[in-house]
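Enquirer: Below, each chain spelled out in residue letters.
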Amino acid sequence: MTETLLELTGITKTYPGVVALDNVGLRVTRGEVLGLIGENGAGKSTLMKILGGVTEPTAGIIRIDAHDHTALTVQAATRAGIAFVHQELNLFENLDVTANIFIGREKKMGGPLMLVDNAGLRTRAASLLDRLKADFTPDTLVENLSIAQRQMVEIAKALSIDARVIIMDEPTSSLTLTETERLLSVIAALKAAGVAVIYISHRLGEIITCADRVVVLRDGHTVGELGREDLSHAAMIRLMIGRDLKSLYIPPAVRPRAGGCDIVDLVTAAFPDRSVSLSVQHGEILGLAGLVGAGRTSLARTVFGIDRLLSGEIRLDGSKVQIGNPRAAIRQGIYLVPEDRKRSGLILEMPIRENITLANLLHHARLLLLDRSSESSVARAQAASLGIKAPSIETQVITLSGGNQQKVVLAKWLSMQPRLMIFDEPTRGIDVGAKNEIYALMRSLADRGVAIVMISSDMEEVIGVSDRIAVMHEGRISGLLEREHFSEYNVMRLAIGQLPDAAENAA
Amino acid sequence: MRKELGLLLLLLLVSAVTAIINPLFLSTVNLLDMANLIGLFGVFSIGQGLVIISGGIDLSVGSMFALLGVVFVDLLTTYEIAWPLALLCVIAGGVVLGGVQSFLITRLRMQPFIVTLCGLLIYRGAARYYTTDSTRGFGYGDEADMLRTLAAGHVYGVPNTFIFLIVLALIMGVVLHRSVYGRWLYAVGKNEEAARFSGIRTYTVISGAYIISGGLAGISTVLLVFYTNSVSPSSFGNSYELYAIAAAVLGGCSLRGGEGSILGIVLGTALLQVLQNLVNILGIPSSLNFAVMGTVILLGVLADQQLQARRKLAAATAGAARSAVAAPLVGGRLET
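Chains as they are written, first to last, in this note's numbering: chain A, 3 to 509; chain B, 560 to 895.
Heads up, some of the hints might be wrong.
Unchecked claim - Derived list of chain B stretches under chain A, where covered just means 3 residues or more per stretch with a C-beta under 8 Å from a C-beta of chain A: (1) 728-739; (2) 743-752; (3) 758-764.
Unchecked claim - List of simulated lysine to any residue pairs, SDA-like, C-alpha gap at most 20 Å: (4) B:Lys871 <-> A:Pro393; (5) B:Lys749 <-> A:Ile400; (6) B:Lys749 <-> A:Arg329; (7) B:Lys749 <-> A:Glu351; (8) B:Lys562 <-> A:Glu351; (9) B:Lys871 <-> A:Leu350; (10) B:Lys749 <-> A:Ile308; (11) B:Lys562 <-> B:Val855; (12) B:Lys871 <-> A:Ser403; (13) B:Lys749 <-> A:Thr401.
These aren't lab readings, by the way, just hints derived from the structure by calculation.
Even glycine gets a Cβ: it sits at the ideal position worked out from N, Cα and C.
This is chain A alone, in the form it adopts within the complex:
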């Protein structure tokens, strides 16, 4: 049982300006379940991408069956028996289960037509599904399967290439309790058959149930390893957190004043059986923390009128506002800086000027005809005050860096009259210098009386920038923290759905 299948040593991965992984080691032995945990952005995904051959490490050695590699390709990884069960499932919904399992590796019948041997493949698929005790047949269309069943298809696909290591990235994030138990029993069966599983999850309970060993990553470093007997929530959380947080905090120059935005019993389409209540004052930056998929983005989209509000109400300065679409939200001074700026925030092929004035064009028009000089002067003023680095305001946004693109999104809203601004992952993919500029900007906006909600998965950012933190867990607010109670430990506990009772567990 201790035969080493796979060993990573000294793996380092740097991106311009960021060290994603720094000298990380990892060993996987035959038939073991290795838990891999860490906060959002700790480097888990990067490490797995390196294992899967998607990303090339900057330095380090990958040893498979006593052969050393400096990098893997997707083909090499597959040949070595490394398979993924993805967080976002990569299946073809329009094809049936058999076709999905064998996609790209279809067995062909002889003859010049190279027809696919469907019958043969179906028999093989059936035996794989049998092994997993799946409750569906090989000729079911994938679009008719539940998420849990699709996962079984992915696992079957992994088994069909004789995978020896299966990587599961947050496999249970959209499963029900029974489905989760079922998956855990499949994992136990895989383990018994000698397959190793790397299990990445935020759900520490599951890790305790299934893992033989846990490796904890933090900020791109391996910070610890726990054996089966040492596994406990407290021990794992202690390793996941506890880095030095640089102080990003800029205290408000003006005290937050009463009034602002109250969200009362809001029910979003993402979690129709949960409601959210939340208040943010004028002049306050409220951090909204939580794990990916906790419902933060749907909350933002609902308040901004993109997604339908199922029930509940939104109040601005005490009076209820009706928001059925983004236009209505914008008229009320509720602006959203969206998570995916390239898709939702900008029109990349348009110049900076046209992007900045897009939401407020009627203001730049006389008799519905555009007044270019008015557009230009506003765009120029915004570009100057935000320090947008570009040859001119007529430069296409697509040619700008991420930080400058984000500033263009901000400029669009700052040229108007914000009352509540929601920032969804405002600094994702942005370099450190531009990050600090954006934080300073958020603070100066708050000081001007704007109520600010900042959704962030970056712990440093949430703790460093916010005046208060609300933490979401599976569609509801699991807790609110005031500045004196800010700690990674408390945010993390709330994010995984436990109480921030520090005294009891951290001792």
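Fit chain B to the known structure of chain A by using the hints.
Expert: Relative to the frame of chain A, chain B by itself:
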């Protein structure tokens, strides 16, 4: 503007070569004849262009001509309705059809290709059923003489259709390139989601394009009816939607949406008509008409794409060099 300039050069080149081979090409009669056809086809091509810029397509215009055409002739001859009213009815008919199609496309989220393809089939069928497939025409009477003079007449020899196209192009040029609506249309065509996130009523903007296209199809119906003087429901306007799409694409509209200009569409229409004329005047068998048109569009779009890719590459190289020295914008000037 580079695209339009290239198109203009191509147009002049093709014209020059044709004129050298056969000087009759430049005869007044031939030029005015071409101007008339450019006017006739340009009007609805502009509508098509707007729809394509919105990210859609309108396959139904040719059939709209047949349906609105037979109704128009019937209104004037059988029902003897005053021509201004009949004109209004036909334009309103186009607007309504465009409105219905846009409702299906925006509110019911159907694909533009399918909706307007069904429109193409339905309107043609309705026109043929309504007339029991018989040709409708004007008698020897003087129905709507004034409208006929407006639609098919000329001023100092210049066909009114051509004059109308120029006026329309100027108006639509302002709408598309200078108005709030035009900017919204480009934004929606390029990135509907980002437009919605900026508070633009994307459905209204898209509907506007189909409605304008329908209205212009109504006007074109009247112009075409007075050009041919009769409407045979099974062939009237047949495949004209393809001429319009070809003109728009040749004129720089991308079928992905968000690109194109009025000048380009007008030049595209002109080039298509010159090509048709060239086939005639050079004695090329007229059966090759479509083949010539297809080849030129294919080569034109190919050349444009290649040039654009090269330009993009050059811009990227220049951009990389520039970003190394890019400094904050202050007052719009580069401060170094």
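Enquirer: Would you mind marking each hint as holding or not holding in the structure?
Expert: Against the structure, the hints come out as follows:
1. 728-739: holds (count 4)
2. 743-752: With 6 residues closer than 8 Å to chain A, the region 743-752 of chain B meets the three-residue bar; holds.
3. 758-764: holds (count 3)
4. B:Lys871 <-> A:Pro393: Between Lys871 of chain B and Pro393 of chain A the Cα gap is close to 17 Å, so the pair holds against 20 Å.
5. B:Lys749 <-> A:Ile400: holds (13 Å)
6. B:Lys749 <-> A:Arg329: holds (19 Å)
7. B:Lys749 <-> A:Glu351: Holds - the C-alpha atoms of Glu351 of chain A and Lys749 of chain B are around 8 Å apart, at most 20 Å.
8. B:Lys562 <-> A:Glu351: holds (16 Å)
9. B:Lys871 <-> A:Leu350: holds (14 Å)
10. B:Lys749 <-> A:Ile308: Distance ~19 Å between Lys749 of chain B and Ile308 of chain A Cα, so the pair holds.
11. B:Lys562 <-> B:Val855: holds (16 Å)
12. B:Lys871 <-> A:Ser403: Since the Cα atoms of Lys871 of chain B and Ser403 of chain A sit roughly 17 Å apart, the hinted pair holds (cutoff 20 Å).
13. B:Lys749 <-> A:Thr401: holds (16 Å)
Hint compliance for this structure: every hint is met.
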